[in-house]
Amino acid sequence: MNRTVLIIGIVIAAAVIALFAMSFGRDPQHIASPLVGRAAPSFALRAVGSGDIVDIAKLRGKPVVLNFWATWCGPCHAEHPVLVQAARALGPDVQFVGVVFSDTEANIASFLRERGEAYPTLLDDNGKTSIAYGVGGVPETFFIDRSGKIVAKYEGPMSGDTLQEYVQKVLR
Amino acid sequence: MLQATKVPDAAQFVGAPQGTPLQGAELATRTVEVAGQLRCPVCQGLSVGDSPSAMAMNMKEQVRELLARGYSRDQILAYFEQSYGEFVLLKPKFRGVNSLVWILPLLALAIGAVLVATKMRRLEQPVPTTAAMDDEYVSRVRQLVEKE
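In the order they appear, the protein sequences are chains A and B.
Positions 11 to 182 (this note's numbering) are the ones given, in order, by the first sequence.
Positions 5 to 152 (this note's numbering) are the ones given, in order, by the second sequence.
Pulled out of the complex, with its shape left as it was, chain B reads as follows (with noise of 0.2 angstroms):
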């Protein structure tokens, strides 16, 4: 008997589907939206999902595939983060060096907030009177004053 072709099933990686089947509207929707979360490895910042190359088609095939069969979302990802590395992700995981990317701009919008609130506390403050600093001088023109 002769042997059957073979290619390498999503379940070496992630196991059984822990899904619900799709099919029809359901299936194309959830087809486009897990494509765009996957970056076309041979474009430049394409996803998956938008990119018309022969590689991203392919993907985008197997991505229905996948869904059809009942694999979530979660781990259609992590079938292709095995393949791929975190870099065939769109969205970078909060974790390690990654996290920088939402703490940075929340930290330099916070240093900022800081900055911004010191310096108008400061113009908020009345400004001392330069009588209060040089009594001599004031008093010495009062009473020049009052002599005449």
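Bound conformation, chain A alone (with noise of 0.2 angstroms):
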């Protein structure tokens, strides 16, 4: 009896420990979008200032680096710099488009102003572009193919080399 409670028990604590061991290692804010691989919801949405209206699908054909910010998240002002200055370097070969999270135009109008902008930043509806794209937080990058494919997702503020890493990803 008491060597078949310790088989049981040695079964038992092994099951549990091979279910934490899946988990080690992993980051548990992290979770893979089921977007990746798949074409990119589309919207056409106003930027701030311009007011012209950027329609995603009117983009096909050029490679799209499409970035969720706000100005109250203190990660996107240390990628702003990134994303401005790799925007001017790749020039028309690569349209970064933002997208306004949980944030009023006059904070990004305000911001933009002061720190520059290289790129249309647009005002999501109700949050109903960011909800679609499955943002949690920001700042989260999507990387869009020619076709129009969502091929890879970025969570967190990005490195120039990060960036350009990922962007190889969309000139392919």
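The set of hints was computed from the structure by calculation and includes no laboratory data.
Mixed in with the good hints there might be a few duds.
Cross-link-like lysine-lysine pairs, in silico, DSS-like; alpha carbons within 25 angstroms at most [stated by the list, open to error]: (1) A:Lys72 x A:Lys163; (2) B:Lys10 x A:Lys159; (3) A:Lys72 x A:Lys179; (4) A:Lys68 x A:Lys163; (5) B:Lys10 x A:Lys72; (6) B:Lys10 x A:Lys163; (7) A:Lys68 x A:Lys179; (8) A:Lys159 x A:Lys68; (9) B:Lys97 x A:Lys68; (10) A:Lys163 x A:Lys179; (11) A:Lys159 x A:Lys72; (12) A:Lys159 x A:Lys179.
Take each chain as given, in its own frame, and dock them per the hints.
Set out below in structure tokens:
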């Protein structure tokens, strides 16, 4: 009997350890996006400042870097110059687009006036675009290839090197 | 002509509505019910229905709009799942590793029941008499008693 109990105990303990081991080394905050590999949800939103409507469907044929951000997000402040610099360096080869996440037009306009801009930043309607893209925190960046397919998603602020690495994925 | 703004539509993800458009009290009740089954992505373990965050309120508003357009509960949950992954569902689906959430407690209960039943059966068995085990000793004692 004691032997049976011991074996059952070992089996249960091994199963529990195996379950924990499956999650070792994994960031619990990171959730793989089911959108990667699929067509980017379509939208046409108004840009801060110019008021132009940017339609993502009309950007087909050009790789797109789609960045969700907000002025209240500290990491977004750090990432902003990286994105602006890359957008200027890559020029017309890659279209950068920002989407405002839970923020006001006034805050965004003021921020962009102070820190500069190199691509359109769009106003989301009640967060519907953020929801369709599964955004749960900012900054989050989607890399969309020429065919309009989402190739990769990056959560958190990107360094210049990381951005280069991800842009290469949509330039292929 | 100026182009109108357009937000991503649920139809891109889950097709046309398959239910009946709701309104009034039924819409309010169903909104609370469906929002209660979605996890707020920016909160710690709160449902979209319970969270006061702007994100959750936007999601709840979208649930209401979709129900008003005739989307069914399953279609709405599928729509959010296709954007956020299964993480957004507060009740995981019974499949793959998820099924362990249901199976393991039942398995543990079954193992415990078997152990308890086995132990009880042993306790109910009559304790073997020492006489049966040591006849020689008893007969010797009996002899001595009878002799007196």
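Looking back at the hints listed earlier, which ones does the structure fail to meet?
-> 9
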